[in-house]
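Asker: Numbering (this note's numbering), first residue to last: 248 to 505.
Think of the hints as simulated: they come from the structure by calculation, not from any bench. Misleading hints may appear alongside valid ones.
Per label pair, the in silico range of CB-to-CB distance [claimed, not checked]:
#	residue 1	residue 2	range
1	I466	S358	30 to 38 Å
2	A392	E335	33 to 41 Å
3	T322	V453	30 to 38 Å
All values derive from a computational prediction rather than experimental measurement. No residue lacks a Cβ here, since even glycine has one placed at the ideal position from N, Cα and C.
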Amino acid sequence: MLPRALASLALLATAACVLPTQADRAPVTPQRPTLSSDTNTTAEGTWEIETGVTEDPGDALFVPTTLKFGAGPRTEVFVAAAVYERVEVPGVDAEGFGDLFLGGRHRFYESGGGSSFAGQVVTKLPTGDEDEGLSTGELDFLVAAIGTQVLERLSLTEFYELGILGDPDGPGTDERHSFAFAAGHPLIGDTGGFAELAWILGRDDVDPAFTTVGITQSISPELVVDLAVVLPLNDDAGDTLFVLGLTTNLGPLFRSLR
248 MLPRALASLA LLATAACVLP TQADRAPVTP QRPTLSSDTN TTAEGTWEIE TGVTEDPGDA
308 LFVPTTLKFG AGPRTEVFVA AAVYERVEVP GVDAEGFGDL FLGGRHRFYE SGGGSSFAGQ
368 VVTKLPTGDE DEGLSTGELD FLVAAIGTQV LERLSLTEFY ELGILGDPDG PGTDERHSFA
428 FAAGHPLIGD TGGFAELAWI LGRDDVDPAF TTVGITQSIS PELVVDLAVV LPLNDDAGDT
488 LFVLGLTTNL GPLFRSLR
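Given the sequences, and given the hints that come with them, work out the whole structure.
Answerer: And the structure:
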């Protein structure tokens, strides 16, 4: 499955270079592959797609994909899903389509000094197969506060998200608190580096802490490729994950298709 997923990424990157014309496209605002999002939003009137492969060698593979639209100069709406998941479980491995996420992000404030603040809301629809272990089968609501500070070429982001999660064991809900601190900086030429520390206070006293370290390569202003590793910082965080993906701006897609 991994070679086919990588081939799909290569095909998407090739297509992104030719459709639509570069004159209609805008610089990307990549948010992957960290837990946090920064305060940037997709350019107004244009569409972006983020996709990639996340692999836990021998245990799981995910193909998370997000389609984003710049609904205003400071507003973005998006739909996201793991379009393919494979998780090793006793017997036959669970595989299929994951849960669907509908959301939006709005930048409420930005200053000439590089400070900005945004809010984000997301609803998770349990479209994954609960019996296969690909979903909790519950509706979840997530609300986040985001602050970003740009200091010359260094970008710093603080992220907090409150999750109100449906309880698969009863009629009530659980709370989840996610914290992250991320930094990004150009390295050499069109290559940049980023790192994130994240901690999730979840249900059933499972509180994973992990760090993500990676690089980005700008193929063009409209296409960025990322490569990262997610390292566990405690036992709850599971195994090391390897991540490869891309973000591309498609321009005002539907106008270009007419």
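Asker: With reference to the structure, classify each hint as holding or not holding.
Answerer: Hints versus structure:
1. I466 to S358: 30 to 38 Å: 31 Å, holds
2. A392 to E335: 33 to 41 Å: 36 Å, holds
3. T322 to V453: 30 to 38 Å: Taking Cβ atoms as reference, T322 and V453 lie about 34 Å apart, which means the hint holds.
Violated hints are absent here; each numbered hint is respected by the structure.
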